[in-house]
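Build the full structure now, drawing on both the sequences and the hints.
Going by my numbering, the sequence shown opens with residue 194, and the numbers climb by one from there.
There could be a bad hint or two in this list.
What the hints assert, rightly or not - Here are the simulated distance ranges between beta carbons:
id: 1; residue 1: GLU379; residue 2: PRO336; range: 28 to 36 Å
id: 2; residue 1: GLY380; residue 2: THR580; range: 45 to 53 Å
id: 3; residue 1: LYS320; residue 2: HIS453; range: 40 to 48 Å
id: 4; residue 1: VAL553; residue 2: SER303; range: 37 to 45 Å
id: 5; residue 1: LEU257; residue 2: GLU420; range: 38 to 46 Å
id: 6; residue 1: GLU484; residue 2: SER408; range: 42 to 50 Å
id: 7; residue 1: THR284; residue 2: ILE250; range: 17 to 25 Å
Quick caveat, the hints were computed from the structure, so don't treat them as lab data.
Here a beta-carbon is modelled for each residue, glycine too, at the ideal position from N, C-alpha and C.
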Amino acid sequence: MGLLHLQRLISSQSQQRDRRHRPRRGKINHEPCLQDDEASRADKKMACVDPSLPEDIWHHIHSLLPLQDAACAACVSQAFLRCWIYRPNLTFSPETLNFKNQYNEGDEISADMSTQLVTRIERIVRKHKGILKALKLELLDCPDIDNYDLHSWLFFAFKSQVEELSLWLHSDFTEVYNFPWQLFSEGRGNSIRSLHLSCCALRPVTGLGCLTNISILELYDVCISGEDLGCILSSCPALEELHLMDCSEIICLEIPCLLHQLSHLVVSECENLNVIQSKAPNLCSFVYSGEEAQFSLGDSLENLKIMGSGWDEIVGYARERLPHMVPKLEYLDICSSFERDTPVVPGEFLYLNHLAISFVSWSSGFCPDYDYLSLVSFLDACPALETFELSVSHVHLAKLVNEP
194 MGLLHLQRLI SSQSQQRDRR HRPRRGKINH EPCLQDDEAS RADKKMACVD
244 PSLPEDIWHH IHSLLPLQDA ACAACVSQAF LRCWIYRPNL TFSPETLNFK
294 NQYNEGDEIS ADMSTQLVTR IERIVRKHKG ILKALKLELL DCPDIDNYDL
344 HSWLFFAFKS QVEELSLWLH SDFTEVYNFP WQLFSEGRGN SIRSLHLSCC
394 ALRPVTGLGC LTNISILELY DVCISGEDLG CILSSCPALE ELHLMDCSEI
444 ICLEIPCLLH QLSHLVVSEC ENLNVIQSKA PNLCSFVYSG EEAQFSLGDS
494 LENLKIMGSG WDEIVGYARE RLPHMVPKLE YLDICSSFER DTPVVPGEFL
544 YLNHLAISFV SWSSGFCPDY DYLSLVSFLD ACPALETFEL SVSHVHLAKL
594 VNEP
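This is the structure in structure tokens:
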């Protein structure tokens, strides 16, 4: 669709130019007629004339096209070819590289297809010039990519001063592909503002230097120890968001006090994580999903969401611990799968104005003996409460098993 719109726009502009140069009625056109061969050469020349818009605007329009359409547009004129080789964002995946008809999404591609995919990526990388704003390597379905090729593409990204780097690998790479942190040496990684890594290993990471401009760090299914992660965090003074998911080697997460910009933390399903300790002075939002862990989050936290996965009695935990742990909390969202009656304990949420409690069960219903009226003790502890949401739902396992 993007290429079709571009072709229509070019055609419309050509028609406008023709109307402007068309002689008015009632006036004699004194220009000499072109011979057939001259007219043919003129038509070919007109086909290559740049559209009458500034080049930077065409670069922006071209960058909004899907990768395949952008490659096709590069065949139209030299101007579009320049747009292609200076394209600021590249997403490499079997879908964007036109393998849609050769495999079903979610299936692993064959070794032969992997070879073709690598060839296409290499061809694009060799011809690219200029600054690269975003590079996304979405290779979840590609188990046969060589480590050398991955290193080569990452080096290309750093050399092109990439700002957003995203690496999605097949699960086979989780423990065998060690992300080359040496690329960050000598200030080469200072252009990166957003870094997403999945299914790779990060070790060791000593001697990183200062990762000056990284504001978003996302690690999904990454093999990294708590110590190495602490080393990375200490090197990211501009970090604003940290996302950790399925990082099973982390036992203790310590966030240093020098992260003054860190405001948003997400930790999900890190199965061996026992302790989360944040000294970041301006952390205001925390989302947690997983088994029971010890929290030390500081006084600045305002938004908290806890979804228990193997963690029982979260509501009771929140009522007893959170008033003293996060005294300035304004938004609290809790999801629990097993609960006893909510206890009556001292302590108030003086600033809490939104409370959402969800009870979810995977069997016939949620805690049939639970006294929902015991939640009144929670409400009594929230003098500034404006919104209260209560949700109770259950899902039959038999239904999930029988669904296609």
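Evaluated hints:
| no. | hint | verdict |
| --- | --- | --- |
| 1 | GLU379 to PRO336: 28 to 36 Å | holds, 33 Å |
| 2 | GLY380 to THR580: 45 to 53 Å | holds, 48 Å |
| 3 | LYS320 to HIS453: 40 to 48 Å | holds, 42 Å |
| 4 | VAL553 to SER303: 37 to 45 Å | holds, 41 Å |
| 5 | LEU257 to GLU420: 38 to 46 Å | holds, 43 Å |
| 6 | GLU484 to SER408: 42 to 50 Å | violated, 29 Å |
| 7 | THR284 to ILE250: 17 to 25 Å | holds, 22 Å |
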